[in-house]
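**Q** Single-letter residue listing:
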Amino acid sequence: MDRFTVLEAPALALPAANIDTDQIIPGRFLQKPRDGSLGRYLFHDLRQRPDFPLNRPPGRDARIVVAGPNFACGSSRENAVWALYDHGFRAALAPSFGDIFFGNALKNGFLPIAMPPALNARLLGQLAGRPELAIRIDLPAQTVTLPDGVIHGFAIDSFAKDCLINGLDELDYTLSRMPEIAAFERQRPAS
Amino acid sequence: MFDKIWSRHSVATRSDGQVLVYVDHLLIHDGYAPAFDVLRERGLRVRHPERSTAVPDHYIPTTSRDLGSIADPEKRAMVMSMKRDVEEHGIQLFPLGDPRQGIVHVVGPEQGITQPGIVLVCADSHTSTHGALGALAFGVGMTEAAQILACQAIWQRRPKSMRIWIDGQRGPGVTAKDIILAVIGRIGASGAIGHVIEYAGPAIAALSVEGRLTVCNMSIEAGARAGLVAPDDTTFAYLKDRPFAPSGAAWDAAVAQWRALPSDPGAAFDREVRIDISGLAPMVTWGTSPQDVAPVDGVVPDPDTMTDPAQRERARGALGYMGLVPGMAMGEISIDRVFIGSCTNSRIEDLRGAAVVVAGRKVHPKVEAWVVPGSTQVKLQAEAEGLDRTFKDAGFAWHEAGCSLCLGTNGDLVPPGQRCASTSNRNFVGRQGPGARTHLMSPMSAAAAAIEGRLADVRTMMERR
Ligand code: SF4
Numbered sequence: 001m002d003r004f005t006v007l008e009a010p011a012l013a014l015p016a017a018n019i020d021t022d023q024i025i026p027g028r029f030l031q032k033p034r035d036g037s038l039g040r041y042l043f044h045d046l047r048q049r050p051d052f053p054l055n056r057p058p059g060r061d062a063r064i065v066v067a068g069p070n071f072a073c074g075s076s077r078e079n080a081v082w083a084l085y086d087h088g089f090r091a092a093l094a095p096s097f098g099d100i101f102f103g104n105a106l107k108n109g110f111l112p113i114a115m116p117p118a119l120n121a122r123l124l125g126q127l128a129g130r131p132e133l134a135i136r137i138d139l140p141a142q143t144v145t146l147p148d149g150v151i152h153g154f155a156i157d158s159f160a161k162d163c164l165i166n167g168l169d170e171l172d173y174t175l176s177r178m179p180e181i182a183a184f185e186r187q188r189p190a191s
Numbered sequence: 192m193f194d195k196i197w198s199r200h201s202v203a204t205r206s207d208g209q210v211l212v213y214v215d216h217l218l219i220h221d222g223y224a225p226a227f228d229v230l231r232e233r234g235l236r237v238r239h240p241e242r243s244t245a246v247p248d249h250y251i252p253t254t255s256r257d258l259g260s261i262a263d264p265e266k267r268a269m270v271m272s273m274k275r276d277v278e279e280h281g282i283q284l285f286p287l288g289d290p291r292q293g294i295v296h297v298v299g300p301e302q303g304i305t306q307p308g309i310v311l312v313c314a315d316s317h318t319s320t321h322g323a324l325g326a327l328a329f330g331v332g333m334t335e336a337a338q339i340l341a342c343q344a345i346w347q348r349r350p351k352s353m354r355i356w357i358d359g360q361r362g363p364g365v366t367a368k369d370i371i372l373a374v375i376g377r378i379g380a381s382g383a384i385g386h387v388i389e390y391a392g393p394a395i396a397a398l399s400v401e402g403r404l405t406v407c408n409m410s411i412e413a414g415a416r417a418g419l420v421a422p423d424d425t426t427f428a429y430l431k432d433r434p435f436a437p438s439g440a441a442w443d444a445a446v447a448q449w450r451a452l453p454s455d456p457g458a459a460f461d462r463e464v465r466i467d468i469s470g471l472a473p474m475v476t477w478g479t480s481p482q483d484v485a486p487v488d489g490v491v492p493d494p495d496t497m498t499d500p501a502q503r504e505r506a507r508g509a510l511g512y513m514g515l516v517p518g519m520a521m522g523e524i525s526i527d528r529v530f531i532g533s534c535t536n537s538r539i540e541d542l543r544g545a546a547v548v549v550a551g552r553k554v555h556p557k558v559e560a561w562v563v564p565g566s567t568q569v570k571l572q573a574e575a576e577g578l579d580r581t582f583k584d585a586g587f588a589w590h591e592a593g594c595s596l597c598l599g600t601n602g603d604l605v606p607p608g609q610r611c612a613s614t615s616n617r618n619f620v621g622r623q624g625p626g627a628r629t630h631l632m633s634p635m636s637a638a639a640a641a642i643e644g645r646l647a648d649v650r651t652m653m654e655r656r
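Those protein sequence lines, which keep their order, are chains F and E. Using the working numbering, you'd call the opening residue of the first sequence number 1 and step up by one each time. Using the working numbering, you'd call the opening residue of the second sequence number 192 and step up by one each time.
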């Protein structure tokens, strides 16, 4: 897992609401091995349309997704994060996210940022005219800088932030707290 | 009720406020290869093999019980690696051919593994199903599943609470599926993000456990973390004598504990919604989100009348994909395929309801119709009742248990452009195959559609009897 600090990159704008994880990677590719090449199935069915923005620059080289509300809702498939990651994406900006995706993302070095709807609309508006414009995400400072220079401060769990900045893994951390789990099991009434 | 279960399972709290939640039971399906890979890479063992149950459902064929008939070697490998992984770690498995095999969310309740007050997790979003028995049950990703295998606990942010109170009485031909479609139509596909929904009120109390499972199953389609129904006598009667339910003195002790679970009167919720289902018609989806619902006797909505510009755009796109025009009567929408199955609606009660509609009738000649029971138990029970004959005589294909056309991971797909009346839970673009068009509905409505070759109001079909 790469460390995440500052990312300045162009974005893939997908203004629709409720883009579900079945769109991000269709169910029929879920058996594909997780070998770093899942990016080729990213938005597989949408990509059949030649005008889908992922098919050409700047979308093809984008590293940030800017989407409408409830991005990545639906299925729990972690493959959705892996496919985004393997394609080169490291962050998504949307007014809201599917809960399970949000958790999955943070565990895989991918930063989901919830933006106020008005600001999200403003950003989508800017990208509609000039899709090549870059967005800057500064995780240590917890800011997003829009192409027009507007700066948005975002909130993030201190723990998740730490994991992302240091490329750390939650599993190791949980293993370090095994004694507490064992103690919990001992004091628990048998059921 | 949620508070009680949550606090009893809280092991520790982290600096950011997330809570380490103890997991009583983990359900495993045939998509877990990435989770076991994590254990293997790090040399970790499963902490409590006896707290997991594995059953293949997603990648298996439903026309035979022969793994060799899975043509795609990668899909076959998913089922095989599951067998190897769980055997290596000593986890109980209900393999293909075992009478206990089925869709993981049908098997858990059916075997009595799902019990009131427990925390149950599975790397699948429809784990919300199990909340129907008063368990706190939610879906996770594969990284989290690996962590549960190794540690038996998982970090979770405490969700907010929401109560959906449902008044009124269902009319004939109106089922739990119609209730939950109406709820999602009301609150929207993101209406419950970050919340655990507790369903309550007379219309929920009147539902069987099967019906409550259908309601809780689709909580995730409203964005919820989980759905819950307070356990009551209906729940206890359902669980009694199930293979993994407590028995003898332990049963009485368990019931006494379970009775103390429901929310205290006057318990506060972060959000409350009230819905009256008196006069509710059977509901059918017209679009590509489960919130796109209309009564079966209504019309396809007109995006131009929608006030929110984003909604309008989305609805236009959905109608384009679905090949529908605004104002068209729902009953004029002709269909090519019917799928009665999935963890939403493949239990015995669902098949009985559909069989009542089908009995003595024929599937429309241009329609290909399938029944895929949710578990081998359900299949055997249905066969004992002669339901398989009713379906087969009408022209339905009668399958083995599995996920099948719900998601198509096993290769069962709806061809591009074809329209499917489906009892599953997601009508997303391409969910049942590239270009496939899905209309979600109850098993009774799907049966009616199979006979008529178009969406049909099951209430009028029942009157014609
Ligand atoms: S039936 Fe469908 S929704 Fe349910 S577990 Fe299987 S694939 Fe998932």
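Careful, some of the hints might be misleading.
What the hints assert, rightly or not - DEER-style ranges, computed between Cβ atoms:
#1 D162(F) with G518(E): 19 to 29 Å
#2 I165(F) with S525(E): 54 to 64 Å
#3 D51(F) with T204(E): 46 to 56 Å
#4 R40(F) with S260(E): 19 to 29 Å
The hints are simulated quantities; they were obtained by calculation from the structure and are not laboratory data. Note that CB positions come from ideal geometry on N, CA and C, so glycine has one too.
**Q** For each hint, tell me whether it holds in the structure or not.
**A** Going through the hints against the structure:
D162(F) and G518(E) have their C-beta atoms about 55 Å apart, which leaves the hinted 19 to 29 Å range violated. One distance hint, 54 to 64 Å for the beta-carbon pair I165(F) and S525(E), holds here, with the actual separation near 56 Å. For D51(F) and T204(E), the hinted distance range of 46 to 56 Å is satisfied, since their beta carbons lie about 49 Å from each other. For R40(F) and S260(E), the hinted distance range of 19 to 29 Å is satisfied, since their beta carbons lie about 28 Å from each other.
Going through the hint list in order, the structure does not satisfy hint 1, though it satisfies all others.
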